[in-house]
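Sequences are here, hints too, so could you generate the full structure?
There are 2 protein chains.
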Amino acid sequence: MSKTLPSIGARRETLATEVRSQIEEMIVAGALEAGQKLNEVTLAGTMGVSRGTVREAIRSLADSGLIDLIANRGAYVNEISLAEIHNLYEVRGAIFAMACASAAQRVGDGLEADLIDRLTENLDTMRGVRDTDDRAAYYELNIEFHDMLLQAAANARAKAIYDNLIKEMHLYRRRGLSVANNIALSLDEHGAIFEAVKSGDPRRARDAAFAHIEKGFGRYMQIAEDGNAGDTADG
Amino acid sequence: MSKTLPSIGARRETLATEVRSQIEEMIVAGALEAGQKLNEVTLAGTMGVSRGTVREAIRSLADSGLIDLIANRGAYVNEISLAEIHNLYEVRGAIFAMACASAAQRVGDGLEADLIDRLTENLDTMRGVRDTDDRAAYYELNIEFHDMLLQAAANARAKAIYDNLIKEMHLYRRRGLSVANNIALSLDEHGAIFEAVKSGDPRRARDAAFAHIEKGFGRYMQIAEDGNAGDTADG
DNA sequence: TTATTGCTGATTGTTGACAAACTCAAACGT
DNA sequence: ACGTTTGAGTTTGTCAACAATCAGCAATAA
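Order-wise, the sequence lines are chains A and B.
Heads up: the first sequence begins at 11 in my numbering, then just goes up one per residue.
Heads up: the second sequence begins at 11 in my numbering, then just goes up one per residue.
Derived from the structure by calculation, the hints contain no laboratory data.
Keep in mind that a hint or two might mislead.
Where chains are identical, the list cannot tell them apart; a pair therefore holds if satisfied intra-copy or between any two copies.
[Claimed, not checked] Calculated pairs, BS3-like style, for lysine-lysine (alpha carbon to alpha carbon, straight line, at most 30 Å):
no., residue 1, residue 2
1, K208, K169
2, K177, K208
3, K225, K177
4, K169, K225
5, K225, K208
6, K47, K208
7, K47, K225
Below, the structure written as structure tokens:
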């Protein structure tokens, strides 16, 4: 299913970036377990490329936190504790809250004219999905909701960091612990964020976003303690 | 003066990381200007290492945002606009605010016993420096203040991202635009953050931190517009 | 004149080989 | 029995050479 996104004209794919996505996918899919060591020659062999190329890909993954590097000893798939998951939630919340505040500010300034319409449509569709309990659909809509706000913040760096965090958090979904979700609850929270952004109130948007992420972590903890292992969307 | 910081015990230095810091220093010091292209063979020659090694270093720098990469065309020192500087301030503010809230929470929970003492001492020293107008000393104290709070947040990922942002923002200090500073003002703001953290009020700490960074950007803009080019600390 | 095509030199992408460092376990000495 | 040392084997770090791609310019055609 996952065609590589056609890169926008500017930057073609290089072999190393291709290998990078491939390893990334292996980690997310669980083909490489947490704590497992990545052997450069083995990977190079199975992928049919040279060791240097694999090496470059691994270095890149290490820089974005998916992999731990120890000099002269190798690369290991990042093992993560519950405390670290909390840390990721915190950072993600901080970035998202900032983005929502920024988006609200821009809406108040008359920029981002169509944002409100697009958010409205997203929420409407989501309400329809709530009753059908179609988690896959909800998952996509949830990502879209967050993405639109990040986009509206007009802060490329923030978006890059956020996307990276999301990618990393994906990991823990496949690793036994599902990410918490309650469509009805997170829909309410999305509504609160929406209202704040719509009214152009940065401060309120920020608080609503923070609350949303914090509650999301709470739900995650709940499910983690209950030992649930379903594959759901986060919210 | 600028010795390279001794890397923390755990991870030994490899040649590539050494080259990385060296290039980093060249960029910060202005030996490599914004927009300038980095030629791999030239760099390898001047540094006396192989091309593959500088390649690895360049890739790493690109991942942390100091350098722009274009496939098959090369690496360029990141040119940055005023809007992007604002973006960096925003992200930095978001992370810092989150850290302060977290620190306040932990203080309220009885953890971080000595944090308050250390912050108190930092502020006292700073007040002494205020009158002498010793900017170098203030600069160090300012970094220490922020570092202590990031540390107290007990969030390694947040600290890593924050440190990276700071490093990047260093760039624009050497590039004509100084980073804004007014010791007396930022001392007041530090005081507000301190009080909030001390009272264990996460929300107030967060707001104070946000305000601090925002005002810092305001001062930066002020100086930028005035065309000032001194080398001062930010606050 | 202007746009297109085909060279040429230079630079990046990729590879395989060599050198250095590490792991593990057996041999050794106390 | 226990800690230390030594050595073989494996894995990573570094390097130099080969292949692919790009920027710039000259020649050609409309």
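Evaluation of the provided hints:
For the homomeric pair K208 and K169, the shortest alpha-carbon distance inside one copy (21 Å) is at most 30 Å, but the shortest distance between copies (33 Å) is not. Proximity of K177 to K208 under the C-alpha cut-off of 30 Å is restricted to the intra-copy arrangement: shortest distance 28 Å within a copy versus 35 Å between copies. Taking CA atoms no more than 30 Å apart as the test, K225 paired with K177 passes inside one copy only; the shortest distance there is 20 Å, against 33 Å between copies. For the homomeric pair K169 and K225, the shortest alpha-carbon distances inside one copy (22 Å) and between copies (23 Å) are both at most 30 Å.
Proximity of K225 and K208 under a CA criterion of 30 Å is satisfied in both settings, with 22 Å inside one chain copy and 25 Å between copies. Neither within a single protomer nor between protomers do K47 and K208 lie at most 30 Å apart by alpha-carbon distance, with minima of 48 Å and 43 Å respectively. In this assembly of identical chains, the alpha carbons of K47 and K225 never lie at most 30 Å apart, being 34 Å within a copy and 46 Å across copies at closest.
Violated hints, in rising order: 6 and 7; the structure is consistent with all others.
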